[in-house]
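Visitor: Model the full assembly from the supplied sequences, consistent with the hints where possible.
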Amino acid sequence: LSYTDQMTLQWLRKFVLAMTIIVAIASLYALAKLILDFYSYEAYVYRFVPVVVVRWLGLAGLQQKQAQVDIQDSMDTAKKTMVGSSPSPQLTQHIAQLKQVIEQEKLYLNPELSLRILADKTQLTAKEISTALNQGFQKNFYLFVNEYRIAETKRRLLDPQLGHLTIFGIATEAGFKSKATFNRLFKSMTGLTPKQFRDQKTGAQWGINGLTACIDTKKSTTE
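All residue numbers for the sequence shown refer to this note's numbering, where the first residue is -10 and numbers rise by one.
Quick caveat, the hints were computed from the structure, so don't treat them as lab data.
Each hint should be verified, as a subset may be incorrect.
Pairs of lysine-lysine, DSSO-like flavour, derived with a Cα cap of 27 Å [unchecked claim]:
1. K95 / K166
2. K168 / K190
3. K22 / K95
4. K166 / K176
5. K88 / K176
6. K3 / K95
7. K166 / K143
8. K184 / K95
9. K110 / K176
10. K168 / K116
11. K95 / K128
12. K143 / K116
13. K128 / K110
14. K116 / K128
The structure presented is a predicted model; accordingly, all values stated were derived computationally and were not measured.
Guide: If you want it as structure tokens, here you go:
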């Protein structure tokens, strides 16, 4: 996936809650048995509940979507990819096809973009796309797409016609869904927060414009 915003751990929290309730029931029964000399075969039904809960956990886990969310781990993995050997003609074609489709159609602006959608657009298999990204770009799908989004955000942050929009408003138009994810990725890829980037670049631009205006004024005065 190119996003992680809807990937929650609610299913795992439910499992932990269920097991906590089971342990609580078992503890209360053990205390009742010890203090009150209470014993009941019916009460032992709770022993079968963990089996059901663990079975549910396995099924829920298998249904979860997978995404690479650790940028540093992604970069470390990419460094291990063999880059020295020349890419095959087929791999070169796949790399060019990926760049052409994602740049011309600006698929990265779609906040729901996934590997499946990209595969449908390029007519490549998920395995072929992953191979092209790993060997051709030395990155995974998550990082590949979000680098385009960061580049688009940087371009829009410097566009004076978009000055009325908030930073996250611009990021949303560039394909981001979560403010936290956007800020984390932007800082990781640029070394600056979005606000620092905009202030630094626009300040430098204003300085250049002011210098240019000053030079033009002096020329006019001289003439």
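Visitor: All the hints need checking, so say for each whether the structure fits it.
Guide: Hint-by-hint comparison with the structure:
Between K95 and K166 the CA atoms are separated by roughly 16 Å; this keeps the pair inside 27 Å, and the hint holds. With a CA separation close to 21 Å, the supplied pair K168 and K190 stays within the 27 Å bound. For the suggested pair K22 and K95, the alpha carbons sit about 67 Å apart, so the restraint of at most 27 Å is broken. In summary, the hint linking K166 to K176 is supported, as the alpha carbons are separated by about 16 Å, within the 27 Å threshold.
A C-alpha spacing of about 24 Å is found between K88 and K176, which places the hinted pair at or below 27 Å, so the restraint holds. At roughly 38 Å between alpha-carbon atoms, K3 and K95 are farther apart than 27 Å, so this suggested pair is violated. Under the criterion of a C-alpha separation no larger than 27 Å, the hint pairing K166 with K143 is consistent with the structure, at around 16 Å. Simply put, K184 and K95 have alpha-carbon atoms about 25 Å apart, close enough for the 27 Å limit, and the pair holds.
For a cut-off of 27 Å, the pair hint linking K110 to K176 is broken: about 30 Å separates their Cα positions. Restraint check: the Cα-Cα separation between K168 and K116 comes to about 31 Å, which exceeds 27 Å; the hinted pair is violated. Between the alpha carbons of K95 and K128 the distance comes to roughly 19 Å, so the proposed pair stays at or under 27 Å and holds. Of the supplied pair hints, the one linking K143 and K116 is violated, its CA atoms being roughly 31 Å apart against a limit of 27 Å.
Restraint check for K128 and K110: the C-alpha separation of about 20 Å stays at or below 27 Å, so the hint holds. With a C-alpha separation of about 14 Å, the suggested pairing of K116 with K128 holds against the 27 Å cut-off.
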